[in-house]
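Engineer: Protein sequences, first through last, are from chains V and W.
So the first sequence is numbered by my numbering: it starts at 1 and just counts up by one.
So the second sequence is numbered by my numbering: it starts at 236 and just counts up by one.
Calculated from the structure, these hints are not laboratory results.
There may be inaccurate statements among the hints.
[Claimed, not checked] Covered stretches of chain V, as calculated for chain W (at least 3 residues, CB under 8 Å):
hint, stretch
1, 126-134
2, 222-235
[Unchecked claim] Only some residues are given here: those of chain W computed to face chain V with a beta carbon under 10 Å:
hint, residue
3, L312
4, V313
5, A314
6, G318
7, R334
8, L345
9, R358
10, A359
11, M386
12, F413
13, R471
By construction, the Cβ of each residue, glycine as well, lies at the ideal position given by its N, Cα and C atoms.
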Amino acid sequence: MHDLTNAFAETFGLLVSLDADLLEIVGLSLWVSGLAVLIAGLIGVPLGALVAIARFPGRWAIVVLLNAMMGLPPVVVGLAVYLLLSRAGPLGPLGILYTPTAMVIAQAILVLPIVAALSRQTIEDMKLEYEDQLRVFGMGPRGMVSTLIWDARYSLMTALLAGFGRAVAEVGAVIIVGGNINHVTRVMTTTIALETSKGNLAFAMALGLVLVTIVTAVNALVFSLRHTATRSAYA
Amino acid sequence: MLDRGNTSVAGRPIADLAFEEARPEVRPVVGQNIRIARDGRLLLDVDELVVSGSGMTVLMGPNGAGKSLLLRCLANLVAPDSGTITWGGCQPDRARAARLGFVFQRPVLLRRSARANIRHALRAAGVSRGEAAERADQALAAARLSHLSRMPARRLSGGEQQRLALARAMALRPECLFLDEPTVNLDPASVAAIEATIIAAGRSGTKVLFVTHDSAQARRIATDILFMHDGQILERGEAARFFDAPGTAAARAFLAGDLVGEPGPEHRVRTA
Ligand SMILES: Nc1ncnc2c1ncn2[C@@H]1O[C@H](COP(=O)(O)OP(=O)(O)OP(=O)(O)O)[C@@H](O)[C@H]1O
Ligand SMILES: [Mg+2]
Numbered sequence: 001m002h003d004l005t006n007a008f009a010e011t012f013g014l015l016v017s018l019d020a021d022l023l024e025i026v027g028l029s030l031w032v033s034g035l036a037v038l039i040a041g042l043i044g045v046p047l048g049a050l051v052a053i054a055r056f057p058g059r060w061a062i063v064v065l066l067n068a069m070m071g072l073p074p075v076v077v078g079l080a081v082y083l084l085l086s087r088a089g090p091l092g093p094l095g096i097l098y099t100p101t102a103m104v105i106a107q108a109i110l111v112l113p114i115v116a117a118l119s120r121q122t123i124e125d126m127k128l129e130y131e132d133q134l135r136v137f138g139m140g141p142r143g144m145v146s147t148l149i150w151d152a153r154y155s156l157m158t159a160l161l162a163g164f165g166r167a168v169a170e171v172g173a174v175i176i177v178g179g180n181i182n183h184v185t186r187v188m189t190t191t192i193a194l195e196t197s198k199g200n201l202a203f204a205m206a207l208g209l210v211l212v213t214i215v216t217a218v219n220a221l222v223f224s225l226r227h228t229a230t231r232s233a234y235a
Numbered sequence: 236m237l238d239r240g241n242t243s244v245a246g247r248p249i250a251d252l253a254f255e256e257a258r259p260e261v262r263p264v265v266g267q268n269i270r271i272a273r274d275g276r277l278l279l280d281v282d283e284l285v286v287s288g289s290g291m292t293v294l295m296g297p298n299g300a301g302k303s304l305l306l307r308c309l310a311n312l313v314a315p316d317s318g319t320i321t322w323g324g325c326q327p328d329r330a331r332a333a334r335l336g337f338v339f340q341r342p343v344l345l346r347r348s349a350r351a352n353i354r355h356a357l358r359a360a361g362v363s364r365g366e367a368a369e370r371a372d373q374a375l376a377a378a379r380l381s382h383l384s385r386m387p388a389r390r391l392s393g394g395e396q397q398r399l400a401l402a403r404a405m406a407l408r409p410e411c412l413f414l415d416e417p418t419v420n421l422d423p424a425s426v427a428a429i430e431a432t433i434i435a436a437g438r439s440g441t442k443v444l445f446v447t448h449d450s451a452q453a454r455r456i457a458t459d460i461l462f463m464h465d466g467q468i469l470e471r472g473e474a475a476r477f478f479d480a481p482g483t484a485a486a487r488a489f490l491a492g493d494l495v496g497e498p499g500p501e502h503r504v505r506t507a
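Just chain W, with the same shape it has in the complex (with noise of 0.2 Å):
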């Protein structure tokens, strides 16, 4: 799904398709020749990255590797220095920003009930008043959250406000959802539905791009992974291949749990 060049786009949901066609695409995300330097420091140096298609890519690599520098270069949230996004071939513009969803690593929840997190979230992208609030109440209950719909979004607990963020994010129905470290502070229950529903969303023909260092679960899930180092991404392909031979030492090293590449003064790696 993430070769150079490719950008077939797969079937969706017959109910959104009404819904979904008045609006321009976000697919295909590209990137070509990314790079982003501070401190003397090459932080992202990506010559190309296609994400298209449906399907999840799991985004692998160590702290500091550049993996939600990435991300957000793609959702148009950071300007490389040099190269170039595009979104649906065009340049990245707002009409397009609501059909990619982005978890953040620290979600951002607003000073508002769960539920008109949500509803404002729809709002905000242009749902009718009534849909908004009913949609909201669906996305609720599919994440298991209803009975805390009228709760402070910031009262809740760190998992429970992981799922509404991204309850919230697909509650928009996006085309291709970026989810950066999603369920690192969840209990294995959740996990497992956050897992399942993103597969389901995967499979209904969204493309998702899950960054994981948690290797069981990038089996569990990925069609294909993107193993990131230094900036750079080093390995891309079906995940069946790289786990059964990682073609670098990198990623051969962080799949046994080693430290990948002794990190000198120059590049301490630190979390986003």
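Isolated chain V (complex conformation) (with noise of 0.2 Å):
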């Protein structure tokens, strides 16, 4: 108890005083997180317009195999990016296994099909209210995606956003591919699991504080989001 007592008390201290070692691992943390949104939105967005808008057979399988990956277990995406990256992997060269390039790629592999999964449903349901019309504008495909994709910009930002949240709080892809290096590949997540086992609850607590608050950012983030299209109907 009196041991806990301090924990916390240490954790408000590391938390006032924005403790160096700590603020790294956010910043990683977020850096990671934040660009494989960013890499997962530049595919995902467009390739989901692109599904939603063409007509080709089996359309419907690619529709399906997208919306099943949105469940994609971490440590399996982990686990592959591991075997592409390995000595012994296709891109074993490039050398970027426990780099925080390959946090980068494994968190977009895993974020990618919920963006784009959601993108295609959102842009699907728009497109049948909006195809005629556009038509009769005499756009081509490009021009109705592009279209498209700024109107359904709020739903758009509301899925990286989903997607972010996601990534952010996920452990075993960072982990497998990350490999947990001191000031090297530390992000939240993994420094909590690693503290905690090495019981070093204060350093853990503070972390995991942090992560709290910024998941509950996003979510109000979609939820101002949604308000604020619903207010200009442009939900």
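Hints in hand, dock the two standalone chains.
Structural biologist: As structure tokens, then:
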């Protein structure tokens, strides 16, 4: 009990003093997950739009696959990326295993299906409503895609935030491909796991609090985006 | 104007000539042997329809007659089961599409401001950024919507949305304008304003195809009439003649305000 009380006091101290190690870890977490979501968005949104708009045989299979991949277990993604990047793997010569780059790749793969599947759904629904009007304007597929992406912007941002929430809170993938190396690849989740097992509860709790705060902030942002969208009838 | 084979092109406003000359013509819009059947019911059965020249053709007919479907077919939005649609003598193509304006029975407004709705349509039609902005403002002013130009389009009232959809279609300076019941939700002043706008467009060289159930309105604006019933064009011709002496029982009943042809279970009427 005494230990726990001490730990709480220490946690508080770490947070208030903006401990340098703590900041470094939080910073890397945000950077890795942020970059992963950016990449997933740049690929996933157009991919989702393409699947929403194009009509080709086997399209339904891609839709099912994307939806199924939304629930990919992070450890499995970590393992797959590990196999790709390990010395014997096809991308082994790049030498990026156990670097933040590897972590970004793993998280981008984890988030991509979420972004692509949600984008596909949103844009396909909107296409039903817009298609005739856009065709009357003489728009081709390219114009339609960009119009639909812009008009779905609030829903798409929500999808990106959902992806970020999943990435930043995930341990399995980053620990496998990052290796949890001090000052190099330590992010919030992996550090919490490690420090807890070492008995350094204060540090783990401080990070836990920061993580919960970030996830809450992301949800608040989603909520306020929805609110803005509804208020201007853009939802 | 809608007689078979008539392909005359009326004079257009001088200011627009240079702009329009560079583009392929969408007129005449011609449908031939158009048939659409669904669930064993013939929804559309039109041997020939030529939409050409200028002026105001009013398309009348009871609910479910196939008016909206015919318009969507001519605009190349619905492929008929059989028959052909041509625009300016050619297969419909994207280059001509923007020359055919269409305001749907339920207007589709983009999730943008009123002004951005018009600007985007103009940009899609290849109008330069600066000119699009200018023309969007002119169109809003003409529709008396300037004070709402920054409003999210979908927050506008139903009537304002209809006026915006029409302003957007007009801003593209179409050769042909299909209007599917564009005044149903409007107050009398807006109806009058829109009728005036459309009549002016018809006089200055645009061909307007206007769907309405309101025979008083049709009398006010029509130069000629198409009367549809059960997927077929039963009557076509000059407005005055149609109203004085409708040639079919269905048209007489329609004008008298009766139910046209008791809808049996196999053709329940429904709004598109
Ligand atoms: N895709 C479709 N599948 C089956 N039936 C359809 C389809 N589209 C239209 N219809 C039917 O075609 C008929 C004509 O519809 P349309 O919308 O053209 O009527 P309308 O003359 O515009 O009527 P209103 O005055 O109510 O707008 C209706 O009975 C409708 O149910
Ligand atoms: Mg209709």
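Engineer: So, against the hints stated earlier in the document, which numbers end up violated here?
Structural biologist: 5, 6 and 13
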